[in-house]
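Protein chains in written order, with this note's numbering: chain A, 9 to 271; chain B, 20 to 231.
Possibly wrong hints are sitting among the right ones.
[As the list claims (entries may be wrong)] Sample of chain B residues with no beta-carbon within 12 Å of chain A, all distances over it, derived:
1. Ala33
2. Leu44
3. Leu48
4. Leu53
5. Met113
6. Leu116
7. Val156
8. Val159
9. Pro169
10. Met172
11. Val188
12. Ile216
[Unchecked claim] Pairs of lysine-lysine, DSS-like flavour, derived with a Cα cap of 27 Å:
13. A:Lys54 - A:Lys132
14. A:Lys132 - B:Lys204
15. B:Lys204 - A:Lys236
16. B:Lys147 - A:Lys269
In case anyone wonders, no lab produced these hints; they're calculated from the structure.
Cβ coordinates follow ideal geometry from the N, Cα and C atoms, glycine included.
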Amino acid sequence: LPGITPRPDLAAPEPLTPWQAVTTYNNFYEFGTGKDDPARNAVGFKTEPWTVTVDGDVAKPGTYDLGRLLFGIGQEERIYRMRCVEGWSMVIPWVGIPLAELLKRVEPTGDAKFVRFETLHDPKRMPGQAWKVLDWPYAEGLRLDEAMNPLTLLATGVYGRSLPPQNGAPLRLVVPWKYGFKSVKSIVRISLVREMPGTSWARQAPQEYGFYANVNPQVDHPRWSQAKERRIGEFFRRDTLMFNGYADAVAGLYAGMDLRKWY
Amino acid sequence: MVLIRRAPARPLIAAGWFPRWLKPLVFLLALSPLLWFVLRLGLLRPGDPVAVNPIETAIRFSGDQALTLLLVSLAVSPLRRLTGWAGVMRLRRMLGLFAFFYAAVHLLIYAGVDQFFDWAVIWADVLKRCYITVGMVAVVILLALAVTSPKGMVRRLGGRWWKRLHALVYLAAPLGVLHYAMMVKADLRTPLLYAGILAVLLLLRLPVPLRR
Numbered sequence: 009l010p011g012i013t014p015r016p017d018l019a020a021p022e023p024l025t026p027w028q029a030v031t032t033y034n035n036f037y038e039f040g041t042g043k044d045d046p047a048r049n050a051v052g053f054k055t056e057p058w059t060v061t062v063d064g065d066v067a068k069p070g071t072y073d074l075g076r077l078l079f080g081i082g083q084e085e086r087i088y089r090m091r092c093v094e095g096w097s098m099v100i101p102w103v104g105i106p107l108a109e110l111l112k113r114v115e116p117t118g119d120a121k122f123v124r125f126e127t128l129h130d131p132k133r134m135p136g137q138a139w140k141v142l143d144w145p146y147a148e149g150l151r152l153d154e155a156m157n158p159l160t161l162l163a164t165g166v167y168g169r170s171l172p173p174q175n176g177a178p179l180r181l182v183v184p185w186k187y188g189f190k191s192v193k194s195i196v197r198i199s200l201v202r203e204m205p206g207t208s209w210a211r212q213a214p215q216e217y218g219f220y221a222n223v224n225p226q227v228d229h230p231r232w233s234q235a236k237e238r239r240i241g242e243f244f245r246r247d248t249l250m251f252n253g254y255a256d257a258v259a260g261l262y263a264g265m266d267l268r269k270w271y
Numbered sequence: 020m021v022l023i024r025r026a027p028a029r030p031l032i033a034a035g036w037f038p039r040w041l042k043p044l045v046f047l048l049a050l051s052p053l054l055w056f057v058l059r060l061g062l063l064r065p066g067d068p069v070a071v072n073p074i075e076t077a078i079r080f081s082g083d084q085a086l087t088l089l090l091v092s093l094a095v096s097p098l099r100r101l102t103g104w105a106g107v108m109r110l111r112r113m114l115g116l117f118a119f120f121y122a123a124v125h126l127l128i129y130a131g132v133d134q135f136f137d138w139a140v141i142w143a144d145v146l147k148r149c150y151i152t153v154g155m156v157a158v159v160i161l162l163a164l165a166v167t168s169p170k171g172m173v174r175r176l177g178g179r180w181w182k183r184l185h186a187l188v189y190l191a192a193p194l195g196v197l198h199y200a201m202m203v204k205a206d207l208r209t210p211l212l213y214a215g216i217l218a219v220l221l222l223l224r225l226p227v228p229l230r231r
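One chain only, chain B, in its complex shape (with noise of 0.2 Å):
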């Protein structure tokens, strides 16, 4: 199997590799799609297509932007298992937070615009439809992670715990991505794309022996 290939001798990125403007310029990338966005919807080219149907497509694509940023978190161990670049590892708290915060946004966006707070639908829907049910377990793991990123966290609850808690990942990918395939009406190649790449990346971190 291909999994079981030998870590380089040498890395192929040194261990402690970590420039000072690393951490800077993942935090653009990750916010650039917002940006982008938000310059569509108006600001930039007045009339494109995004501003049609404004909350629809805000909902569709913060909720792009959540799994996207969860695959890229997710793949920051593997990363560090291939390559051996141990200081990738720095990356991993600001992008799963991205990840929790474009979940946020397309949570706020479904229920303060799209049904204007209107409690009784959104308990509704939560309870009825299945694949709201499935992105709000998602969204509510998420939340539990975020709150509980801070290193002073990691102390408080106890190594040990706050590794078991942050395990929950491995449920609220699956989910996120379940949600959208439960979501679309025909087309299901890009949540299979989804489902495609973390089911890689779930695989890259079977225990095989990389490391002499």
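Okay, chain A solo, but in the shape it has when bound (with noise of 0.2 Å):
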């Protein structure tokens, strides 16, 4: 991808996890629920054309093409840590642009306080889907402010290259502070919202997946512990950190707020 601006100031300074592993390690249930599955899936898959429909309380909705969408925003790299709440973690190049730029391009209205997020739905593409696994299709949802958080990215590319289908080409959230299923793929859809969505997990199950979803060490889902955290490539456990990392970028977002409770 030509035209990337690196931002080492946003670069976890941690080894890169390889693309080997960033690219056969996969959770994306539509593609099959084995973590090989996807790269062997979605050998394929078509990604153009590819339009992204933004609704809701927006001054500029409609149904764009994924390349117009995102024309003239800047592409930056940023390596970020991706901790996943199965508790493994990978350090990733990502390509892609701010969400809150692309935010600004559709002029979300003062009624908008929740962004909503779906990731395509056609069984015939994502044979993953012909199974009921999830509520399909997915859906995954950020506060506004979370959204509009430099942190937040919204990625085309990994490792300076398009992403692989597997890694949720052509358009990905990327979340930095939250777990990984908070990063919902293949993006058809942009809604902005009043109340809080629904999101898949949490759908699926309340008790153990929450809205927020922030990468946090002292709250363990109910079967298993969050403290520590297995870095792909690595032999021991290491310490999961507060907001994966990023306390000093997002903690200020949830000053006040019992994270037991909004977990």
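Join the two chains, each given in its own frame, into one complex according to the hints.
Below, the structure is given as structure tokens:
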């Protein structure tokens, strides 16, 4: 991808997880529930043409061709830690644009309080959707101030190349201080809404997954501890950091909130 | 009901059929998934996806094998009933020991490699995480069965007590499947498949007259 601005100021100072691991060890149930299913089943997934529908409380709703929607917004490379709710983590060099830039372009109205994202639902192209493991289409959401945070990225690439389909091509969210499942893949709809939207995993198992899903070593998943994680490629588990190490940038978003309640 | 079918007048397989190569063959078949897994971990195909998170993958793999072998060993006596092939019983102990072997590998990787013998964490897991408690109970049962599997133990315990003890496999197997079902995040298909096969194998044991 040409014309990418590196953002060393936003780069996690840790060795990168190899491309091979980033692109073969994926949770993307639309292409199967095994870790290596997406890399196998997403081969040939067509991402052109691709449209994204923007609707809800915005001044400029519409169904946009992806290229036109992002046209002119500078692409950046950001090296983020990615912590899966299952207890493993990676360090990934994403390419993308700040979500805030896109939202400014479509102009949320004063009524918008949350952003809801939806993944493509097309069982013909996404064989994992033939079985109702989750309530398709996959939906995720952020509070508007979380969405506007400078760390929140809409990724179009990884390792300097376009996203492979198993990583959520052509457009995915990356919210580095939240568990990976918040970072919804293959986005076809972005809605600005007034109420907290229902999200896929929180609907699937509300006592296990919440709307916020901030990485928090002090709040365990009911079935396993979140205090530690295994960085892919490392033998020993390492301590999980509050907000995945991004507390300086995002802790203020949750001032005064009981994070045990709003998990 | 399908179960109330008379056993064939002549057994499908001669009761005493047990060629010399059968036991080594089944031994190799039971061991081959482990060999294949070790090869995949890097010797044969470096960069194989199973090597990305090898500890996690090895735990899943050994757990799958333990359940599979447990089901296979539970299929032995229904097979004899349905086919009249009594010789198959001579494979049962080995299959059961393989189930224990994979369960032990599963537990050892969890305790030794995944948690690196951090007993405080492991104990907290056993108490707090229900699926680990359930799994531990199943492994303890399999351990007791494995220890008492030599023929000498039948004599020492007395046939009746030995049989009672080994009936605990009917507890260990459902607990193993339950452990798996409680662990998965959303996709219950594989645990349900195990549960279905287990249910069939248990139903086939019902005291239905199969013989004249």
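Task: Hint check against the structure, violated hint numbers in rising order - done: none
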